[in-house]
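The end of the sequence shown is residue 357 by the working numbering, with every number in the run present.
No lab work stands behind these hints, which were simulated from the structure alone. There's no promise every hint is true.
[Stated by the list, open to error] Using C-beta positions, here's what the derived DEER-type ranges look like:
#1 K10 <-> D302: 51 to 61 Å
#2 D58 <-> R94: 28 to 38 Å
#3 R94 <-> E52: 35 to 45 Å
#4 R177 <-> R94: 32 to 42 Å
#5 G251 <-> S134: 25 to 35 Å
#6 S134 <-> D114: 19 to 29 Å
We put the beta carbon where it would ideally sit given N, CA and C, even for glycine.
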Amino acid sequence: MSLVVDIRHKLGTFTLDAAFTSEGGVTALFGRSGSGKTSLVRIIAGLARPVEGRVVLDGDVLVDTARGRFVPPHRRRFGYVFQEARLFPHLTVRQNLHYGRWFLPKGARTENADRVIDLLGIADLLDRQPANLSGGEKQRVAIGRALLSSPRLLLMDEPLAALDEERKGEILPYLQRLRDEAGVPIVYVSHSVAEVARLADRVVLMADGRVEAVGPASDVLGGPRLASAADRREAGSVLAGHVEARDAEHGLAAIRLAGGAAILVPGAAVSPGEAVRLRIPARDVMVATVRPEGLSALNILDGVIDAIEPDGEGMASLSIACGGDHVRARITALSVERLGLVTGKPVHAVIKTVALE
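Generate the whole structure from the sequences, applying the supplied hints.
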């Protein structure tokens, strides 16, 4: 799947000027509120007409203002999941799920309903009314309804924004399954660093209506390019690996990263051979110039500093090459000065916290 977006648009005094290309998987439109994420996804969906530009999906030109082409929303065959579930209150969950199939063109591929229901864990909800569902359950049903319309592309506009932390924790594993098993490309809008790090393959960083950076989640969420101080404090590394061994007695999993380094993760209910993603907050990585001893931290990785960048608030963001992986650390500029840290210097990354996704 290839999605090409290159548009310019005016909304009162706000100017949207954005271009990016996605090659499938989950592409996150990430940035602070007011950065233009929802306006951009509405243009992709066909709910708004840009002043100028193009939108192309797999060679199918959906918008080309220069040639006067604009494909209406109902002919694009996109699924759209909003912040609120927007279920029909008079229909059961089962009826809501199958509603989108009424609008499928004749001969279009239909998604297997049992597979979607199993994927989202909603088999026990089918005969309920929306009024009797939790917020997380409603969103899972809304996602199922979108999938059962057999979309070419799934657009998700901050689908967890209206949920509390407990409900977010409930639905995130289902979104991960959706990413890994559904086979439908997704454009996912969010302003949460943790959410994007957990779900996205590619991140489009937006600020003030413009695209500031496009790249893998591990690169864009590293820190210095994030616009707000709050986001920079949540920045970190996103690393891929597989489970090498499981220590049931101590509740630990040994993760072998793609670059070769090994990390121990506590409380991980995973099986050997399973592919996993790790998130390491940059604020939870200490940097030592000599290998420390007598620490409670389970993970100390040997590496070499390959980048040091100012990070605002008297802080600096370091990229440490640990084998074939890069670990981000966020430390004070004073620590950089006192430790004599420069690019090319061998160091030890002391990792206090690892989140296994």
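Query raised in the report: What hints, given by number in increasing order, does this structure fail?
Result: The structure breaks only hint 4.
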